[in-house]
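Below are the chains, spelled out letter by letter.
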Amino acid sequence: MTPPLEVTDATAATPPEATLAGASKSAIQGRSLGQIAWRRLKRDKVAMAGGLVVIFLVVVAILAPFIIDLLGTNPDFRDYKLVDADTGLPIGGGGGVSGDHLFGVEPGNGRDIFSRVVEGAKISLLIAFVATILSVVIGTVMGIVAGYFGGWVDTLISRLMDIFLAFPLLLFAIALVGVIGSAGFGLDGLTLRIVVIIFIIGFFNWPYIGRIVRGQTLSLREREFVDAARSLGAKPKYVLFKELLPNLVAPILVYSTLLIPTNILFEAALSFLGVGVPPPTATWGGMLSDATRWYQVDPQFMFPPGLAIFVTVLAFNLFGDGLRDALDPRSR
Amino acid sequence: MKKNRVVSVVALGAVAAMGLSACGGGTSSSNNNGGGGTTTPGFGAAVGKVFNPSDTKGGTLRFANSGDWDSLDPADTYYGYSWNFIRNYGRGLVVFKSAPGAEGNKLAPDLAEKLGEPSNDAKTWTYKLRKGIKYEDGTEVKSKDVKYAVLRSLDKTTFPNGPTYLGDFLAVPDGYKGPYSDPNVDAITAIETPDDYTIKFNLKTSFSGFDYFMALPSTIPVPQAKDTGTKYKEHVISTGPYKFETNELGKKFVLTRNEHYDPASDPDTGRKPLADKLQVELNVNADDVDNRLQSGDLDISIEGTGVQAAGQAKVLNDQALKAKADNPVNARTWFTVLNSDVAPLDNIDCRKAVLFAADKTAYQRSYGGATGGDIATSLMPPVIPGQKKIDLYEALTKPEGDVDKAKEALTKCGKPDGFNTVISYRAERPKEKATAEAMQQALGRVGIKLEIKPFPLADYTKLYVGKPDYAKANGIGLIIYGWGADWNDGFGFMQQIVDSRVIRAAGGNTNLGIRLPEVDSTIDEALKETDTAKREALWAKTDELVMQNAAALPGVWSKGLLFRPENLTNVFVAEAFGMYDYTAIGTSRK
Amino acid sequence: MPRRIVAASQATTPSTVLTYIVRRLIGAVILLFVVTAVTFSIFFLVPRIAGATSEDLASRYVGKTAGAEQIHEMAQKLGFTDPLYVQYGRFAKGLIVGSEYNTGTAIEQCPAPCLGYSFLKQNPVLPDILGRLPVTISLAAGAALIWVLAGVATGVLSALRRGTIFDRSAMMIALAGVSLPIFFTGMLSLSIFRDGLGWSIGGSFYKPLTEDPLLWFSSLSLPWITLAFLYAAQYARLTRAGMLETMNEDFIRTARAKGLPERTVVVKHGLRSALTPILTIFGLDIGLLLGGAILTETTFSLPGIGQYAVIAVANNDLPQVLGVTLTGAFFIVIANLVVDLMYAVVDPRVRTA
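If you're matching them up, the sequences are chains A, B and C in order. At position 130 of the first sequence (counting the first as 1) the number is 129 in numbering that gives the first Met the number 0, and the numbers step up by one without a gap. At position 118 of the second sequence (counting the first as 1) the number is 117 in numbering that gives the first Met the number 0, and the numbers step up by one without a gap. At position 178 of the third sequence (counting the first as 1) the number is 177 in numbering that gives the first Met the number 0, and the numbers step up by one without a gap.
Source of the hints: derived by calculation from the structure; they are not laboratory data. Heads up, some of the hints might be wrong.
Cut-off 27 Å, straight-line C-alpha distance, at most; resulting in silico cross-link-like pairs (BS3-like, lysine-lysine) [unchecked claim]:
#1 B/K203 to B/K230
#2 B/K176 to B/K199
#3 B/K471 to B/K414
#4 B/K448 to A/K80
#5 B/K130 to A/K80
#6 C/K257 to B/K250
#7 B/K225 to C/K120
#8 B/K250 to C/K206
#9 A/K80 to B/K404
#10 C/K120 to B/K230
#11 B/K397 to A/K80
#12 C/K120 to B/K276
#13 B/K230 to B/K250
#14 C/K92 to B/K276
#15 B/K225 to B/K276
#16 C/K76 to B/K176
#17 C/K92 to B/K230
#18 C/K257 to C/K120
#19 C/K92 to B/K176
#20 B/K527 to B/K388
#21 B/K251 to C/K206
Between the sequences and the hints, there should be enough to build the whole structure, so can you do that?
So, in C-alpha cells, the structure goes:
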C-alpha cells in the first residue's frame, strides 16, 4: 500500500481572505491560519460528516464496555444453542439477527457479532492511534533535523529513510511476529503482541512523515523569519522547536490524519493473516479471517467487520482530505 | 502360536447401511470385486462396499493436499494418507488389503509370499519374498534391499518423521545410527538375509503383532546403490504399479504406470491400478480443495480427514450434494491431555474436576457435531477390537458437563475456587481452536481459568507441548491433540499415547503427559500375551486406567465427511485408514 | 524518492548522465546489502532476545531420539553457534558465489545467489521462490495495466471536468476504493461471481499461461480487477490532484497563450508534468507488489510469493522467511532504481543532485 498523498510543495500560502475578511468590521481583524482553515473546513460538509463519524467511533471505542452491556451480549460467550450442531450455521434465517444479537451471531460458535464489532473498534483505534503517534514523533524529529541541518546529517537520515522504505512492510511484519512468538521480553501473550504490532507499524512508517517534514523544513529554512531568528543569535534548538515546528503543525496534522486509516487497514491485514492481535480477542481483521471459512454458506458474516473497517477508514479519509483542503486550498 | 487376526467392528455414519463386505466370495481371490457394489449415489454409499465398481482403466486421478507431505520417502513418513497412497509406488513385505469393509483391515502379503512365520517365542520372524518382483528400472528386488530399507529407516537423524516401532523392537546394537553412519550393513544381525529371497527379523522381546510392523512403509525396498539419502524422496524408486514422472517439491507430483509392475506377482493385496496417471497438488488452500471437488476440478482430497466447516454446511444442507458424501469412522480420537507435570493437575481430583466440568457437546460441535463423530467417553475408539464402554464422567448422561461434581472435586483437591492454567492447540487447526475456546468457556463455569495458546502445527510436539521441559516451564496443563491408530488394534492405538516410557526429553513426543505406572505394567503384560481375547482385554484395561486416573479428556471419536465427485469409479472406504482407498480407485474422466 | 532541492541546473552532458546512473547503481547495491544485513540481523537477534538458544533452534532439525549432544552437534553443523557476523558473512558470501550446506548425510549445493537453505524442506530457497514468481508477476502486471489506464484516465478526466457530476462521483468511488480492504472486496467478489453466479473464477483454478491460457486468464481476472480497483482509486485521486496543480502552472498558460490545441496542452504538457510523481509511486507500488501481494494471493488462493511467505511463517521456517523478505526488498530497491533512472532521463534537474 502506498503512502498517503504526497505534498508537492511546502509554501504555507497566505490566504487572501485574511485581508478581505476584516473589511466588513470596523477594526481590521487579522485571522490566524488556524481560524481560516477551520472556517473552510466547516464549509466542507462531507469532511465534517467524516469528522463526526470519527468522533462517534472514538466515543464507541472508549465506551465499548457500556455499549456492549446495553445493546449486546458478552463478546466471548459462545452460545452453541444458536447454531446448528452439524452445519454450524446460525439457526433461523438472517444470520441469527435478533433483539439480543443486532448483527446476528457468528457461525460455528454463536458469538454475538455486534459486541465483537464494538470490541474490534477498541483494538483497531487504539493500535492505529498509538502507532501513528509513534510514527509522527519519530518522523517529525528526524525530518526537522534532516531538513534544518542539511549536509551529512541530511544525507544520513535520508539514506536511513531509504533503507526503511526498502522493507516490504507487510512481509516483514508477519515474519517478525512469527519470529517473536508468543512470549518474551517479559511480557505475555496479548500485551506483547499489541506492543509488537504498534512498534512495527509505528516504527517502520516514520519515513512517510519524515519525508514530508523534511521537505517542509527545507523550504521553511530559507524563509525570512528563520533568518531573523538566527541573526538574533538564536540557537538551533530554539529555531527548530520554536520557529519551525509551529509552522509544521498543519502538514503534520494532515498527514497524521491520513496515516491513521492506513494503519487501521494495516492492523486489519495483520489480523486477517493471523499475525495480528491473537484470538479470542475480537478484531475486525480476525473476524474477516474467520469469515473466509464461512462466507460461502453464510455470507452475512463478512459484512459487519468489513463494513466497520470501510466506514472507519472512509471517515478518516474524508476528514483528512477535508483538513488538507482546508489548509491548502489549491488542491481543491 | 496363534496368529494375530484382526476383526473390527465398524461404526456407522448417519444413513449408511452396513454393507456386507467381500461379496464374491471367500479366499485369496483378489482383484475381482464384483458384487456388493452400487452405482446409485447415496449418503454413505462407499462405506463398507464399493460404489460404482469398475474395471475400466484410463484417465488421470487428480488429488490435492492442503499441506505438504512430511516426506515421500518410505522411511520418513507418518501420515495415514501417506501410508495409504504409498502402496501405489511401493510394495512392502505385507500391506493392508485393498478391499471394502472389514476385509480392508486385514493384512495381505505383498512382497512376501505369505504373512510372517514366527519362531516359538515370537522373537524371530521369517518372510519369504516372491521371485521376479522388479523395480521401475527392471532390476529385481532382493531380500537385502528390504534389510537395507529397514535399517536406513532407523536413522532418525536423517529421517526424523517416521514411526519408531522398528527401532524399538529390533535387536540392533545400542545407539545404532543407521547405514549412513555405519556402512557395514552385513554386520547387523538383527536382520538376516540367508538368501536372496528370505529375510529374518530378530527382536529384543517377543511381539506377536509383528506383521503390523511389516505393513509399515519402512519395509518398502530401497536399492542401496541408488539411495541418495535426503534426496531420495525427490525420486523414490518404485516397486508398485506407478512410478514418479515429475516431482516439483512443495507444489505437485505426477505418477505414471510402472511397466515393470507385474499384476500376476500381486494376487493377494487387492490393488486395482485403474487410472493411467496420478496427479497430486500440494499446499492447496483447504477451502479451495472443497470448492474444486464440488466444481469437478479435483477428484480426491488426499488427506482424507473430510471437508472443512463451510464445505460440511454446504454438503449437509443440499440433498444432491449429500448423496455424494460418505461419513466413515476413522480410528482416531480427538482428545485433550491433562499434563500431570503441571500443578495442580498433578492432583487426581483437580483433573477429575476438569473432566466433570468439560462441555462434551461443545467439544463435539467443534468438530462438526454428529457428523464429526460421536462423543468419546474414553480414549480408545469403538473400532478397536476389544474396546470397552467406559463412561466415568457422565459424558453421555450429562454431556454439557456436571458443574456440581466438578466443584466437589475442586474442593477435594484443595482448590474450591478453581485454578489457572494454559490450554494449547495447533494454530492451523480451526477445530482445535474452537475446542480451546469451548473449554475455556465450560471450565470457566467452575472457576478454572484457561489461557489459550496456539502453537504452529509443524513444531507442536517437537518444540513446544511435546517437549516436557517446555510444557512444564510454560505451565501448559491442557494439551489439545488427536491421535489416529497406526493400525486398528490396541497396540496400534494406545501404545504411543499412554505409555510413559515413550516420553523423550528431547521432544517430538506423542504421549503428551500421561504417566501412570499401572498403565505401563499393563502394556507390558499385553505385549507378552499371545491369546487375542486376553490381549484385547488388557488394552481395554489401559483405557480404563487412563480414565480412572483422569489423565485425559476424551473428546470425539472421529468421523470424516468425505466428498465423492461423480466421476470417481470403484470407490470404497479403506477401513484401515478411514478414508477412500487410493490403490483401487479410478476415474471415468478421460 | 524525495525530490532533492538542487542548485541551479548545470549543463547536462552525457557524462553527467552516466555518472548519475553509475552512482545510483552503486547506491542500489549498497542499499541491498544494508537491507540484507539488517534483515538477517533482526532474524538472528530477535529469537535470541526472546530467549531461544542455538540448541533450541537446532532441535527442530534432529530426530525424536536425539540427545543433548546430538542437538549441540547439529547446532554447530548448521552454524547456529557462530556469532552474528560470521553467520552473516557466510550468508553474504552465499549471495555472491553460492555456498554449501552440510545436512548430515550429504553436502547440498546452493548456487549463487544463494538466498538460504531451508533445513525443514531440505532444499534451497531461491528455486521455490523463482517457481512462484510467474504467478506474482502475472498478477502484478495484469493489475498494473488496468489500474494505470483506468486510474490515470479517470484522474485526468476528473481534473479537466472539475466540479461536474463525473468528477464528484468518480472521486467518491475512488474514495470508497481506497477505504476498502482488499480481503473484504476479494471475498465479496468471490461470493458474487464464484458462489452466486457459479463461474469458475478465482485463484484456486490457476494454471500457468504456458499450460492453459484460458484458465490462467479466468483465474486471474477477478484478482486483477479487485486489486486494480484498489490502486486505480488511489491513482485517480493522485492524478487528479497532480493535474489540477499542474494545470495552474504558468507554463500551461503560456502553452495555451501560444495557441496550442487544448488536447496538446493537456496531454503533452500537463500530463507529462503531472505524471512524474505518479511515476515514483508506481515504481514503489510495483516493487512492493512483486515482493509479494500477500493479501491478494491469500484471499484468492494464488500460488505466488505472497502465499509462500504466509506458509513459511506458519511453518516457522526461518530461512524461507528470510529469503522471501529479501526478495521483496530486492524488488523494491530495483523498482526505486528504475524510477530514479527514468527520472534522470525525464527531468534533468535531478541528475546533478
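Hint by hint, here is what the structure shows:
A hinted pair counts as satisfied when its Cα atoms are at most 27 Å apart, and B/K203 with B/K230 does not qualify at roughly 32 Å. Taking the CA atoms of B/K176 and B/K199, the gap is near 20 Å; set against the 27 Å cutoff, the hint holds. Under the criterion of a C-alpha separation no larger than 27 Å, the hint pairing B/K471 with B/K414 is consistent with the structure, at around 20 Å. As the CA atoms of B/K448 and A/K80 are separated by approximately 23 Å, the hinted pair is consistent with the 27 Å bound.
For the hint pairing B/K130 with A/K80, the CA-to-CA distance comes to about 63 Å; that exceeds 27 Å, so the pair is violated. Of the pairs offered as hints, the one joining C/K257 and B/K250 is violated, with about 62 Å between alpha carbons and a cut-off of 27 Å exceeded. The suggested pairing of B/K225 with C/K120 holds, with an alpha-carbon distance near 21 Å, which does not exceed 27 Å. With a CA separation close to 12 Å, the supplied pair B/K250 and C/K206 stays within the 27 Å bound.
At most 27 Å may separate the alpha-carbon atoms for a hinted pair to count; A/K80 and B/K404 meet this at roughly 23 Å. Distance restraint check for C/K120 and B/K230: the Cα-Cα separation of roughly 11 Å lies within the 27 Å cut-off, and the hinted pair is therefore satisfied. Proximity of B/K397 to A/K80 is assessed by CA-CA distance (about 16 Å); at most 27 Å being required, the pair is judged to hold. With a C-alpha separation of about 26 Å, the suggested pairing of C/K120 with B/K276 holds against the 27 Å cut-off.
A hinted pair counts as satisfied when its Cα atoms are at most 27 Å apart, and B/K230 with B/K250 qualifies at roughly 16 Å. Proposed proximity of C/K92 and B/K276 is contradicted: the alpha carbons are some 43 Å apart, above 27 Å. With a CA separation close to 24 Å, the supplied pair B/K225 and B/K276 stays within the 27 Å bound. Of the supplied pair hints, the one linking C/K76 and B/K176 holds, its CA atoms being roughly 17 Å apart against a limit of 27 Å.
A threshold of 27 Å between alpha carbons decides the hint, and for C/K92 with B/K230 the separation of about 25 Å falls inside it, so the pair holds. Straight-line distance between C-alpha atoms of C/K257 and C/K120 comes to about 68 Å, which puts the hinted pair past the 27 Å bound. For the hint linking C/K92 to B/K176, the alpha-carbon distance of about 33 Å lies beyond 27 Å, and the restraint is violated. Taking the CA atoms of B/K527 and B/K388, the gap is about 24 Å. The hint holds against a cut of 27 Å.
Distance hint between B/K251 and C/K206 is fulfilled; the C-alpha atoms sit about 12 Å from each other, no more than 27 Å.
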